[in-house]
Amino acid sequence: MAGSPDRKGPGGAEVAWSIIGILLAGVIAWGGIGWLVDKWAGTNVFLPVGIVIGAVGAFYLVIRRYGRG
Amino acid sequence: MLPPPLAREGFHAPGTEDFEWPAIWEIHLGGFTLEINRTALLMLLATLVVLALFLVAFRRPKVVPRGLQNLMEVGVEFVRRQIVLEVIGQDGLRFLPYLVTLFFFIFFANVLEIVPGINFPATSRMALPLFLAILTWVLFNWVGISTQGLGRYLRNTLFPPGIPWPLYVLIAPIEFVSTLIVRPVTLSVRLLANMIAGHLILAVFFLGTVYLIERPATAVFAVPAFAMAVALVGFELIVALLQAYIFTILTAVYLAGALEPEH
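Chains A and B, in that order, give the protein sequences. Our numbering numbers the first residue of the first sequence as 1 and each following residue consecutively. Our numbering numbers the first residue of the second sequence as 1001 and each following residue consecutively.
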């Protein structure tokens, strides 16, 4: 990127809230998708499946983004 | 069933009803009615105070600041250095006026909680935190779209670089919800909940002091209750400042993300 030497990233507190937000978002997003699938398909298994998928994806995203030492 | 403990008789524990105020004026507009109540007036008060402070401080600015100008410059410099330059960088300086206003306004709206005679934060009703969060949301999305173009902005937001592409199906809904839904919700609820909690706990200790002191059996406990109440007033001042700071710096973080997507 065209140099921006004085751009620093977010500090500690924002990272913490960001992580909470991502975990929440993952569960809500994929839980929501699972819930919608359940509504259309008449099943009741996709909601918990979606929640788990969302949690897994969210953890992956958090580790990917903030896991570098 | 056990009989109620002696000290609990007659104590009105503060609750949600303590956040509701009767309408002082009603403005009838066709179908619906706008009610001007204490909360609305306090929002207006916070606005006027911030406006007055800035107008008076910088009315005739001197190169070497004195008095109120000096004090306000400390505040502006704090936002400029610790929030804008630290988080966004030089590009962020065009947002300095808004971020300074946001910081001071939220602080004064919060600090109304401990102002004697008022003792109610305008930010403890959802309208104000929600509106400010929506403003932040509109702002960082607008900036992102106008800086990167709608397509690139959406692509960078939903499909952040650095992730193996098959995982994008998994990640995109998470990023969507996280950026466009969770951010405004957490921004508003964080401010709201802190102010509600502060108001409730101050009410508990001050009302508790009065309640305890009225009965000779419990009067001695009014002393630590009052001590706690005083300590919590100081604590609430810190919380008022901190919540204003957090709201402002998160707005800056979201703006930074919109201006320069991570790589």
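Hints were generated in silico from the structure; no laboratory data involved. Careful, some of the hints might be misleading.
Selected chain B positions facing chain A (in silico; Cβ < 8 Å) [to be verified]: (1) I1171; (2) P1173; (3) I1174; (4) I1213; (5) I1249; (6) L1250.
Chain B residues, not near chain A, derived (Cβ > 10 Å throughout) [claimed, not checked]: (7) D1018; (8) V1049; (9) R1060; (10) G1149; (11) G1162; (12) S1178; (13) T1186.
Only a predicted model underlies this, so the values are computations on that prediction, with no experimental measurement involved. Don't be surprised by glycine CBs; every beta carbon is placed ideally from N, CA and C.
Verification of the hints:
no.	hint	result
1	I1171	holds (6 Å)
2	P1173	holds (4 Å)
3	I1174	holds (4 Å)
4	I1213	violated (40 Å)
5	I1249	holds (7 Å)
6	L1250	holds (6 Å)
7	D1018	holds (28 Å)
8	V1049	holds (27 Å)
9	R1060	holds (32 Å)
10	G1149	holds (16 Å)
11	G1162	violated (7 Å)
12	S1178	violated (3 Å)
13	T1186	violated (6 Å)
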